[in-house]
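Visitor: From first to last, the protein sequence lines are chains A and B. In the working numbering, each number is its position in the first sequence, counted from 1, plus 593. In the working numbering, each number is its position in the second sequence, counted from 1, plus 387.
If you are wondering where the hints come from, they were derived from the structure by calculation, not from laboratory data. As the structure is a computational prediction, the values presented were derived from the model and not from experiment. All C-beta atoms, glycine included, are put in the ideal place defined by N, C-alpha and C. Treat the hints with caution; some may be incorrect.
What the hints assert, rightly or not - Facing chain B, according to a computed beta carbon distance under 8 Å, are these residues of chain A, among others:
1) 646
2) 679
3) 700
As the list claims (entries may be wrong) - If you want the footprint, here are the derived chain B segments under chain A, 3+ residues with CB under 8 Å:
4) 431–442
5) 480–487
6) 495–501
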Amino acid sequence: KAGVTQTPRYLIKTRGQQVTLSCSPISGHRSVSWYQQTPGQGLQFLFEYFSETQRNKGNFPGRFSGRQFSNSRSEMNVSTLELGDSALYLCASSLTLEGTDTQYFGPGTRLTVL
Amino acid sequence: AQSVSQHNHHVILSEAASLELGCNYSYGGTVNLFWYVQYPGQHLQLLLKYFSGDPLVKGIKGFEAEFIKSKFSFNLRKPSVQWSDTAEYFCAVNRRGGGNKLTFGTGTQLKVEL
Chain A
594 KAGVTQTPRY LIKTRGQQVT LSCSPISGHR SVSWYQQTPG QGLQFLFEYF SETQRNKGNF
654 PGRFSGRQFS NSRSEMNVST LELGDSALYL CASSLTLEGT DTQYFGPGTR LTVL
Chain B
388 AQSVSQHNHH VILSEAASLE LGCNYSYGGT VNLFWYVQYP GQHLQLLLKY FSGDPLVKGI
448 KGFEAEFIKS KFSFNLRKPS VQWSDTAEYF CAVNRRGGGN KLTFGTGTQL KVEL
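Here chain A stands alone, though its shape is the one from the complex (with noise of 0.2 Å):
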């Protein structure tokens, strides 16, 4: 079975400007979460899909944000990009919205802002 895959691997990006990462998540898995890590503030997590819907979110600004589709494939976007969203953007993946489920992790998104 194929793991979690998120798309592209590295970006660069400038201040101001706006990105769009990608994960796919594990076949049949209908949850998908996104996570931030960074040196200073280590793994936060940002939000949760669920059949399409947001069902959690974390604490960061509007300026993050997510969505996911029919076949549960999601995208984050960041807009207006600062220095401080430099960092590994984490996608995990679950069957379900019990919290008991094991969260499967893919390879990360590194996002460099110059």
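Got chain A; can you put chain B on it based on the hints?
Guide: Just chain B now, kept in the frame of chain A:
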């Protein structure tokens, strides 16, 4: 809101030494508890999880963790570490019934020396 504390940020051990990594969480309700590991150059992966039943849970690669409700703790243990256990270890919790949103600790970087 829940929070997770990992007391040891960097740990260096010799092969065959015993390991215990501390994790405490702060939340007034019922939680599910997890330990994730990130080996160099690899994805985050689940080591073990606890949501009910026997508070001593066993995971992959000989790891175990004990949930002590009165202490809000979920410490990770391994009797004898190997060089291949060199990795970063993350404790995480989510709120029972709150979806898959994980709150992570800051991580413990473990280095095992030959």
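Visitor: All hints are to be evaluated individually against the structure, with a verdict given for each.
Guide: Here's how the hints hold up against the structure:
A cut of 8 Å between beta carbons decides the hint on residue 646(A): the least distance to chain B is about 11 Å, and the hint is violated. For residue 679(A), the suggested interface contact is broken, since its CB lies about 18 Å from the closest CB of chain B, more than 8 Å. Taking 8 Å as the C-beta cut-off, the interface hint given for residue 700(A) holds, the closest approach to chain B being about 6 Å. Counting residues of the region 431–442 of chain B whose CB falls under 8 Å from any CB of chain A gives 5; the rule of at least 3 is met.
For a cut-off of 8 Å, the count of residues in the region 480–487 of chain B with a CB near a CB of chain A stands at 7, and the three-residue condition holds. Counting residues of the region 495–501 of chain B whose beta carbon lies closer than 8 Å to any beta carbon of chain A gives 0, which falls below the threshold of three, so the coverage claim is violated.
Checked against the numbered hints given earlier, this structure breaks hints 1, 2 and 6; the rest are met.
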